[in-house]
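*Asks:* Sequence:
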Amino acid sequence: MNDEEPGFVTAADLRDAEAEAAQSPASGGTGGDGAGGQFHIPERPSRTYPRDGGVEYVGGTVFSLSPATDRGDEALADVVESVLSAGAYRWGDWFDLPMPLYLVHDDTTHDTFRVSVRDGRVRLHVLPETESAGLRAFFERLGEHGEWAVERRVEDAL
90 MNDEEPGFVT AADLRDAEAE AAQSPASGGT GGDGAGGQFH IPERPSRTYP RDGGVEYVGG
150 TVFSLSPATD RGDEALADVV ESVLSAGAYR WGDWFDLPMP LYLVHDDTTH DTFRVSVRDG
210 RVRLHVLPET ESAGLRAFFE RLGEHGEWAV ERRVEDAL
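For the sequence shown, the numbering used here assigns the number 90 to the initial residue and increments by one for each residue that follows.
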């Protein structure tokens, strides 16, 4: 296609091109989030809708973020809320649970994911449409509040 000819490009094509550019050594990229990337998503959850109502997620990927210095769950929840309040996020903690659990939408990357705080860790829970960019952006903003180690756990679908 030449520059004067209009063309059609899908969002998936744009994401693929961006990922390819991030993995290119010429771009100065660190490998993006391809198969070896820090926020690569190898397994997405599937939604199920039980007969008695609600929604459940089966399988998927969870990223566990551990601060370099130990902090209690309440302090971590304060950090998470600070990041969410300062960033380009729409979020809420609408669930009546014994731990903080936030549903987060990043208005910049257009990604939606869940964030939980438990046992001295912040966990990023991938939803079926979540992309790596939203997780990476949250992690970068969280990095302004200290150093963090990242562990990825893949949950098998039953």
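Among the clues, some could well be false.
Stated by the list, open to error - Label-pair distances were calculated between CB atoms; the ranges are:
hint : residue 1 : residue 2 : range
1    : R207      : Y138      : 23 to 29 Å
2    : G142      : T197      : 31 to 37 Å
3    : W237      : S174      : 14 to 20 Å
4    : R140      : G161      : 26 to 32 Å
Keep in mind the hints are simulated off the structure, nothing from the lab.
Beta carbons are placed, not taken as given, at the ideal position from N, Cα and C, and that holds for glycine.
*Asks:* A separate judgement is required for each hint: does it hold in the structure or not?
*Replies:* Hint by hint, here is what the structure shows:
The hint said 23 to 29 Å for the Cβ distance between R207 and Y138, and at roughly 26 Å that hint holds. Between G142 and T197 the beta carbons are some 33 Å apart, a value that agrees with the proposed interval 31 to 37 Å. The given range of 14 to 20 Å is respected by W237 and S174, whose C-beta atoms sit roughly 19 Å from each other. Between R140 and G161, the C-beta spacing of about 39 Å breaks the proposed range 26 to 32 Å.
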